[in-house]
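**Q** The residues making up each chain are set out below.
Protein chains: 2
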Amino acid sequence: MANHTHDVLGIGNAIVDVLAHTEDDFLIANQLAKGSMRLIDETEAERLYGAMGPAIIISGGSAANTTVGIASLGGKAAFIGKVRQDAVGDVFTHDIRAIGVHFETHRSVEGPATARSFILVTPDGERTMNTYLGACQLLGPDDIDDTLVEASKITYLEGYLWDPPDAKDAFRKAAGIAHRAGRKVSITLSDSFCVDRYRDEFRELLRDKTIDILFANEHELKSLYATSDFDSALAALRQEGALGVVTRSEHGSLIVSHEGTKAVAAHPIETLVDTTGAGDLFAAGFLLGLARGIDHENCARMGALAASEVIQHLGARPQTSLKDLAAESGLTIS
Amino acid sequence: MANHTHDVLGIGNAIVDVLAHTEDDFLIANQLAKGSMRLIDETEAERLYGAMGPAIIISGGSAANTTVGIASLGGKAAFIGKVRQDAVGDVFTHDIRAIGVHFETHRSVEGPATARSFILVTPDGERTMNTYLGACQLLGPDDIDDTLVEASKITYLEGYLWDPPDAKDAFRKAAGIAHRAGRKVSITLSDSFCVDRYRDEFRELLRDKTIDILFANEHELKSLYATSDFDSALAALRQEGALGVVTRSEHGSLIVSHEGTKAVAAHPIETLVDTTGAGDLFAAGFLLGLARGIDHENCARMGALAASEVIQHLGARPQTSLKDLAAESGLTIS
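Taken in order, these protein sequences are the chains called V and H. Reading the first sequence from the start, the letters are residues 1 to 334 in my numbering. Reading the second sequence from the start, the letters are residues 1001 to 1334 in my numbering.
Hints are supplied without guarantee of correctness; some may be wrong.
Claimed, not checked - Derived DSBU-like pairs (lysine-lysine); straight-line CA-CA distance at most 30 angstroms:
(1) V:K209 with V:K222
(2) H:K1168 with H:K1184
(3) H:K1222 with H:K1184
(4) V:K323 with H:K1034
(5) V:K222 with V:K262
(6) H:K1323 with V:K34
In case anyone wonders, no lab produced these hints; they're calculated from the structure.
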């Protein structure tokens, strides 16, 4: 399966999302920081599920969502992540394969259950995530398939991989294989609290050229450079060798390199329902464009289009063909 | 819990829905009759799930959806239905309780798994259902809580209860208790194929006055009276003692009694996404209005409003407060 070329290989936490609308009061009563992702254990997962409203269940996981977006856009994608052999693992596996993503990571047969993220969506469309990592904690270097990395134009990794114990070793192994094969390596910083936890390590990844393409939103970028001033953070990013892609919600995105900074507008939407997956889907469009040799501005337009679909309904997976949607907007991938 | 009054007690199959968008070609290739519900076994469930696209998982079940709609409208509702003690049963139980529906039916600890319905939604918004009844097959008269029926102004039963072996006995038991307590009994015909299977029994329920309020759509009503002529079917319905409520999708609804027929318009929508649950939510609004003594036309308006919310997103459970939505439209329940 790995001997044909993939546009993108995503490596990340394999998670099924449990999403519910909630009022801001619920976040306050449960001391949850709006817009963030916090890690929870199984006991807290049960407590929170019991307290939250009726939910809908949709496969998620940041890098996994990105590979699904790429497949929906008509690209070829693969994913590495760990689920257990249980009912939730069946759901994750079905959904990612059903859209055509190559997913063959060995499933654990014992130990913690497949990961779930309990996502609370407030009336402003913002999502607050509570993640039980479960089986994701078992992802390690042995799960990295060398030939799959070599056969993928871009290997894309999520910052959240720093949370489980051995996944960062899997990350480093994959990055090494990719570079030796002349491939590109990309990372998303995932979440400003995640950057707080691993700031030095993420900056080291940039300094030592492990990362060719960096995705971040404003909060994550400011956290990375430990500054409250966005322009200072941008200036610092320009000094790195990497291509920076900074997403700014309704203000669009910035493409940042040592050559300068280019702004690209957001894609118009009718109603914001749920921002879950916005960054993941932006990365999907941008990375597929990059893998196919499209210029950076059109990569960002493709990213904005993919993000616009996913924020207009609950859940982080597209509910319509992004390829058709892109064609309607005059954006095509060849 | 049963000693305060419920507006409506729903009795039905307790099902979790697995919904996926699909093209018409998929229905044709799998020989599925669009818009219908067919019963499948576990082997076919696995085959179909493997063949269908990425899905979202949301609690469902026709009468269960109705009770959830009533709770969302601010009413008091209870539900009787059978799930097993498994992961899918946990999802069903969480969701229905989380919105405030009283649900205490004894869960089975062995035997078939909790029911799932694999629902294929075509681009026209029509849904085609493939239901594995699982644990629903264990629902029987012993599950009917006498005091709960007595404490509920209306007992609402789905025609689908004729499919599992003993649920119709539960249905008859509940109807008897309700009438002896001076309460009303209502049924939805569920599906025209279901009416084909049990036509004589459903007509007998009307003849012997087991049913006070009948919900049906055009296809089901024509099937009930074995005629292709809608006006003939309406004329036959007018001869029954029951109050008839006939839903006609975008053409609104008809309130049919021996006094005559009254048409009420549909509630306007922006985009039809998925008709799953349209009839269930119409019944929710109508029945709550009826339980609160509102006139039939306003009952139908409340039903149309509830249906309009649920057909604008995937899944048969409301994603916003129907009470707030009703208030915005000037419809209030006191």
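**Q** Could you work out which earlier hints the structure fails to respect and list their numbers in ascending sequence?
**A** Failing hints: none at all.
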